[in-house]
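K.L.:
As a plain string of letters, each chain reads:
Protein chains: 2
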Amino acid sequence: MLERCLGQQRVRRIQRAVRHAKVTFLCLFMTVVVMRGMLGAGKFGTPAQDLDDLTTHFYASRKHAEPHRVLVEAQPENENENQSNDPKNYATFDFNKILKDEGGEDEKPDPNKPYTLGPKISDWDEQRGEWLKRNPNFPNFIRENKPRVLLVTGSSPKPCENPVGDHYLLKSIKNKIDYCRLHGIEIFYNMALLDAEMAGFWAKLPLIRKLLLSHPEVEFLWWMDSDAMFTDMAFELPWERYKDVNLVMHGWNEMVYDQKNWIGLNTGSFLLRNNQWALDLLDAWAPMGPKGKIRDEAGKILTRELKGRPVFEADDQSAMVYLLATQRDTWGNKVYLESGYYLHGYWGILVDKYEEMIENYHPGFGDHRWPLVTHFVGCKPCGKFGDYPVEKCLKQMDRAFNFGDNQVLQIYGFTHKSLASRRVKRVRNETGNPLEAKDDLGLMHPAFKAVKVSTSS
Amino acid sequence: MLERCLGQQRVRRIQRAVRHAKVTFLCLFMTVVVMRGMLGAGKFGTPAQDLDDLTTHFYASRKHAEPHRVLVEAQPENENENQSNDPKNYATFDFNKILKDEGGEDEKPDPNKPYTLGPKISDWDEQRGEWLKRNPNFPNFIRENKPRVLLVTGSSPKPCENPVGDHYLLKSIKNKIDYCRLHGIEIFYNMALLDAEMAGFWAKLPLIRKLLLSHPEVEFLWWMDSDAMFTDMAFELPWERYKDVNLVMHGWNEMVYDQKNWIGLNTGSFLLRNNQWALDLLDAWAPMGPKGKIRDEAGKILTRELKGRPVFEADDQSAMVYLLATQRDTWGNKVYLESGYYLHGYWGILVDKYEEMIENYHPGFGDHRWPLVTHFVGCKPCGKFGDYPVEKCLKQMDRAFNFGDNQVLQIYGFTHKSLASRRVKRVRNETGNPLEAKDDLGLMHPAFKAVKVSTSS
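Which chain is which? The protein sequence lines are A and B, in order.
Converting from the first sequence to this note's numbering requires adding 3 to each position, the first position being numbered 1.
Converting from the second sequence to this note's numbering requires adding 3 to each position, the first position being numbered 1.
What the hints contain is simulated information worked out from the structure, not anything from laboratory work.
It cannot be assumed that every hint is accurate.
Where chains are identical, the list cannot tell them apart; a pair therefore holds if satisfied intra-copy or between any two copies.
As the list claims (entries may be wrong) - Straight-line C-alpha distance at most 20 Å; calculated EDC-like pairs for lysine to aspartate or glutamate:
#1 455 x 147
#2 337 x 257
#3 398 x 359
#4 356 x 401
#5 123 x 433
#6 398 x 89
#7 455 x 189
#8 337 x 261
#9 455 x 299
#10 263 x 443
#11 428 x 113
#12 136 x 439
#13 387 x 89
#14 296 x 308
#15 395 x 89
#16 296 x 147
#17 294 x 147
#18 123 x 439
#19 263 x 359
#20 441 x 147
#21 123 x 355
This one's a predicted model, so the numbers in the text were calculated from it and none came from an experiment.
If we strip away everything but chain A, and leave its shape as in the complex, we get:
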């Protein structure tokens, strides 16, 4: 099954990694460095600078030098206007200027200091509790059993390398705006790199910490990747189920704790409660993240330790599997690996079934019958190379978007002409009594966003 999931190319890379026996020694060495970070500096005392300057072979698509992008619009034959040198003509504008990296250097981290997300805080529950008491007009529960949730997502401040990458980011945020509006959830869209050492997939950690500490009124922070889309607009998360846990991710206990499978859970869509435990988890999670040697070497450990993991630098998801699998006693009782619905749903097994779902089911299930989230892992439409054919990714992203969008449009009496079509058609006539319109999905005035009504007369 893994071959089918990952492809022949990756299986060969895995085999190659196993054969590099000498890396084992370096991995053991790095384990010491990493464990020092997890358990606290001072217990081991080996600074990162002891590491040799090693070259590593990374998972190919992540490390190609990025060519400068020069886009030249082909002139159609019937174009009769002289467009050359027209400064108002976007077709002849040199977009290289937009895409090139800015000059200037990031602050250089001190190699003698172990990485830290920020000053250690040990009394966050008390600080937050006090604040909430003093600020009853910013309650952390909007209604009984309905926590205040902040959905956090984002993308690079640079234009995508590909012409349509930004268009899909735009559709993706519209999709999230729709779900969150229906469910009374606020959104934070990040386009700032807060910590240069934690670039790429690790950038979410400093961001999450900053938002938790700045917004004590937020009970749950919901991280969601930019390539994940909501496909069940009617599904409300089962908040009651999570009342005693602090971290919810889609995944399976056996795959994480027993197999240490690198895809045993997914960090593309998860909930994190705003409390001391979360700060401690972030601190424990972060050490494999700092880019460069630490991240590279940590990647090798993860490839060795986790089942099925290809060779590439450490990523946050693998690090989370490793953290939970090796420190279950510390974290496990507050982590819920949810497989009852698709808090994250791998697109590969979902997108061909949309028509079947429409035929047999309806929104509100959130699971295989009608997935809450369809997540386009590996498609990378903003980059240069994806792990899947471009045409397939874009076509399926359009279908997933329309599948979700139809549930919003039906509120207003419209639907897409097909799952492949941008165009919409009317499915319900206008009337003189719009408030009597059938609201099949209950999404026009959803119960999950109603405010509490004061019962005092």
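For chain A, the structure is supplied; the task is to place chain B on it using the hints.
P.N.:
Okay, now just chain B, sitting in the frame of chain A:
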């Protein structure tokens, strides 16, 4: 001043339009058709099909046939991987497939029926009032003096013709998400064309009507163009000032009612209260909108009747000026032309002053000192041609975005390295007591989004 605003080219076009004397006859004829729509079918009886098939000269950039977009990435010299025929390589993907129009035809409107936004509703105040009474958990006022507001914006479901167009749409919606989150406002991002006859700038009318009728809980609908950005995150609209009006637009009474100046008001950012008056206004506003002969001919009337208007098809803004100027008694007492702050701020007179504003003022003024909205009229980054040089538009849009974004980032202790830079730098150190951080602008927990605290013990 108009020349400086509009450019030499447009002044020449205005002069040319005046010289076409024979058009006057057609304009008079069209006035009859249009007035029939405004006053009600039946009073005149001349159907649109009486019009000859006329060709008109439109404002040039709106009517060029659009060339197919073929984007070919130039191969850098040091590229050593064979990218040709790699289906996973976005660089070699044929994006024409994405951009081409879909086949199929829109429903043909019946030429014998005058255009209408929907069945006439005359008791919306009663219907809405009843609904609000029955649904106290969806109040139209969030707090005393704080109406429930829905900000409505949107863009085409097609990727932009220009590689960076979608990137600027993405930044623009992030900017709106930030302002609305801080001010307790919900967002509706539209990407559906609900009525093929009302395409382009007129598409907002059917959308607005649909949203008002579907959301009785919304007190004010705030339409905002996709090329308008918030540049004062701290400015809360003066809702009390508008308690007796139904439509608020940036503009000047003299320029609209006395001069009939086509830019005497701006429909790129306006408030519309959810009531019967609004439905009636939309019905009165719509008749110049249906594309084709009606819109073309209406454009000629508007060019003739309004001061400074170039020759092009009827647009919603000119039509609004014309409507108010010719029917002041009907609408004027419920329209507030706001010039006390920049509900819409023309970018041309603002963007060079940002540094001066930072030096001398602070967020919260909303006016020339710190504009609420900077609106990039004429830039059209999603299209092929703008009215201004591309480089200038994109550079200034980046500056405006960063100017606004800095006000959000400062909540978290960061700022852009400069107004031109995507990169951010830390301006406040992390501490162990994040809730004691200085919140200069009061944006961390803004008063305008606090909920009402029940005073019952």
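K.L.:
With reference to the structure, classify each hint as holding or not holding.
P.N.:
Against the structure, the hints come out as follows:
{"no.": "1", "hint": "455 x 147", "in the structure": "both (8 Å within a copy, 16 Å between copies)"}
{"no.": "2", "hint": "337 x 257", "in the structure": "within (16 Å within a copy, 65 Å between copies)"}
{"no.": "3", "hint": "398 x 359", "in the structure": "within (18 Å within a copy, 48 Å between copies)"}
{"no.": "4", "hint": "356 x 401", "in the structure": "within (14 Å within a copy, 41 Å between copies)"}
{"no.": "5", "hint": "123 x 433", "in the structure": "between (59 Å within a copy, 10 Å between copies)"}
{"no.": "6", "hint": "398 x 89", "in the structure": "between (35 Å within a copy, 17 Å between copies)"}
{"no.": "7", "hint": "455 x 189", "in the structure": "both (18 Å within a copy, 18 Å between copies)"}
{"no.": "8", "hint": "337 x 261", "in the structure": "within (18 Å within a copy, 69 Å between copies)"}
{"no.": "9", "hint": "455 x 299", "in the structure": "neither (51 Å within a copy, 51 Å between copies)"}
{"no.": "10", "hint": "263 x 443", "in the structure": "neither (43 Å within a copy, 47 Å between copies)"}
{"no.": "11", "hint": "428 x 113", "in the structure": "between (59 Å within a copy, 17 Å between copies)"}
{"no.": "12", "hint": "136 x 439", "in the structure": "between (42 Å within a copy, 15 Å between copies)"}
{"no.": "13", "hint": "387 x 89", "in the structure": "between (29 Å within a copy, 11 Å between copies)"}
{"no.": "14", "hint": "296 x 308", "in the structure": "within (18 Å within a copy, 70 Å between copies)"}
{"no.": "15", "hint": "395 x 89", "in the structure": "between (37 Å within a copy, 13 Å between copies)"}
{"no.": "16", "hint": "296 x 147", "in the structure": "neither (48 Å within a copy, 57 Å between copies)"}
{"no.": "17", "hint": "294 x 147", "in the structure": "neither (43 Å within a copy, 50 Å between copies)"}
{"no.": "18", "hint": "123 x 439", "in the structure": "between (56 Å within a copy, 16 Å between copies)"}
{"no.": "19", "hint": "263 x 359", "in the structure": "neither (34 Å within a copy, 57 Å between copies)"}
{"no.": "20", "hint": "441 x 147", "in the structure": "neither (28 Å within a copy, 32 Å between copies)"}
{"no.": "21", "hint": "123 x 355", "in the structure": "neither (47 Å within a copy, 43 Å between copies)"}
Of the numbered hints stated above, those contradicted by the structure are hints 9, 10, 16, 17, 19, 20, 21, listed in ascending order.
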